[in-house]
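S.K.: Residue-level listing of the chains:
Number of protein chains: 2
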Amino acid sequence: MFRTSFESYVEKIDAFLECLSWDEGTMGQSMRYSLVGGGKRIRPVLALAAAEAVGGQADSILPSACALELIHTYSLIHDDLPAMDNDDYRRGRLANHKVFGEGKAILAGDGLLTYAFELIARPLPVNAERQLRVIQEVAQAAGPEGMVLGQVLDLEAEGKTLTLGEIEQIHQHKTGAMLVVSARMGGILGGGTEAQIQALTRYAQALGLAFQIKDDILDLEGDSATLGKPAQSDLEQEKSTYPSLLGLAGAKEELAVKIKEAHEALSVFTQSVDFLHSLADYIADRMH
Amino acid sequence: MFRTSFESYVEKIDAFLECLSWDEGTMGQSMRYSLVGGGKRIRPVLALAAAEAVGGQADSILPSACALELIHTYSLIHDDLPAMDNDDYRRGRLANHKVFGEGKAILAGDGLLTYAFELIARPLPVNAERQLRVIQEVAQAAGPEGMVLGQVLDLEAEGKTLTLGEIEQIHQHKTGAMLVVSARMGGILGGGTEAQIQALTRYAQALGLAFQIKDDILDLEGDSATLGKPAQSDLEQEKSTYPSLLGLAGAKEELAVKIKEAHEALSVFTQSVDFLHSLADYIADRMH
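So the sequences go chain by chain: R and B. Heads up, the first sequence is in this note's numbering, so the first residue is 1 and it goes up one at a time. Heads up, the second sequence is in this note's numbering, so the first residue is 1 and it goes up one at a time.
Looking at chain R on its own, in the form it has when it is part of the complex (with noise of 0.2 Å):
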């Protein structure tokens, strides 16, 4: 049941995707590689499922949804760059610039950030001050005092042991305020109450966090080929993560008061949020 909804939303995401078209030459080749290459598609799929738990139509926000992919396929891009991560590999794919090259990919990252503007603003049947709303918010998650943010607390925080604390901001920033505005923008332009977006606020939260904690667990435990890319690399690279700061165990209890939270944000819903709770289990059962 979960899996059926999830991969029917998946499945409305990357056809959305697919048909986005730009310029025929290496820039729209560029942007598209690392687009359509994968990608769990986490923050549309909350996005339309969150419209859906407020009683909205996932199908009216469809473009919206799908520019929170391209902002997170441009951090990702611009994050693989020699100057930050200098990650050679993404997804199990070569890393964009390594195809591209360097001024390509940062443009490509450029260009993917740019356009989810472009998509966020089009017109759609919902009240157009609920859609700036959700445009300022979205800009916030994603910039300066959010994604953009935890990217440079995390290259400063390189070669650092930092505390549990330093790690949680981090992450809220450079994760969690994308997963948070993904929820929150499901419920602003799904027509819900302040109270459901709270809601959804606090579920996002804890899903953010969980999906990080399971994240480091998976580096640990996983392998490489299930992963697509290189396993125990926080080790190597001797980065603070859950598991290093708590222990392995401790981490996966941690992991599990995330959980709770989130199911239990999610109980002020008189509708059914089954797909929410179900997908919160996911993201700690995932293997990848």
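Mixed in with the good hints there might be a few duds.
Listed below are the simulated BS3-like cross-link pairs for lysine-lysine, each with C-alpha atoms no more than 30 Å apart in a straight line [what the hints assert, rightly or not]:
no., chain 1, residue 1, chain 2, residue 2
1, B, Lys98, B, Lys239
2, B, Lys239, R, Lys98
3, R, Lys160, B, Lys98
For the record, the hints were derived by calculation from the structure and aren't laboratory data.
Following the hints, complete the assembly by docking chain B onto the known chain R.
M.R.: Showing chain B alone in chain R's frame:
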């Protein structure tokens, strides 16, 4: 008169930009370094003046107009990177990446671009549908079908001899699209009619090409100190420019044609558009 009006626009813009505050760390420093480090502020000035030309209030669209300067600044930071034009100086000061390093420079650009959309989506005392239309148009002008494409075309043109048509295509994307959307922003948010928005578009198209022709002429005739960048760099890099294709006299003639087109486009306005007329003359006569 013109100088006073121009300075009064710039004062408002600079006051707004100087009040933007981000994280106190290197991220905020790096963004501010490039944002408040000079610049003619032509894009926001154009937006404010266009708003007034259609009877709107400049002050009420200030955040949106200033967003254009953030987008322009981000493009300069990324443009100067070693993987792109590899320039060490900008506006007479060290380029962002020379001060903060490549990684932070990429992120400062990303941050400015993203924050521009936060600014442009802020609640304004104008029709929300018009605001959404502006956001979409700005994203189109800045993105993979506008400025970012122009940057790619420019990268790919390195070392090649271009035709006049190819040069114009690059400029129309790289700088023209943003100038056009600046004028359109003012027209749309200021409450202009479609005919007025169309006239502003033609005006800014001519202005944009004039600006570029003048840039090429200044590179040949200007001196490095006044320009704030090395003069005759186009010659050294064997770049195709208006003077290299049309000769210096031909380029000056073409400049005059474009300035005339800009003036003519303004003929549909019944109220005073003195400032926009003077701005066109200023573009033609500027020394840097």
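S.K.: Confirm or reject each hint.
M.R.: We went through each hint and held it up to the structure:
1. Distance restraint check for lysine 98 of chain B and lysine 239 of chain B: the Cα-Cα separation of roughly 24 Å lies within the 30 Å cut-off, and the hinted pair is therefore satisfied.
2. Restraint check for lysine 239 of chain B and lysine 98 of chain R: the C-alpha separation of about 28 Å stays at or below 30 Å, so the hint holds.
3. With a C-alpha separation of about 24 Å, the suggested pair lysine 160 of chain R and lysine 98 of chain B falls inside the 30 Å cut-off, and the hint holds.
Violation of the numbered hints given earlier is absent; every hint is satisfied by the structure.
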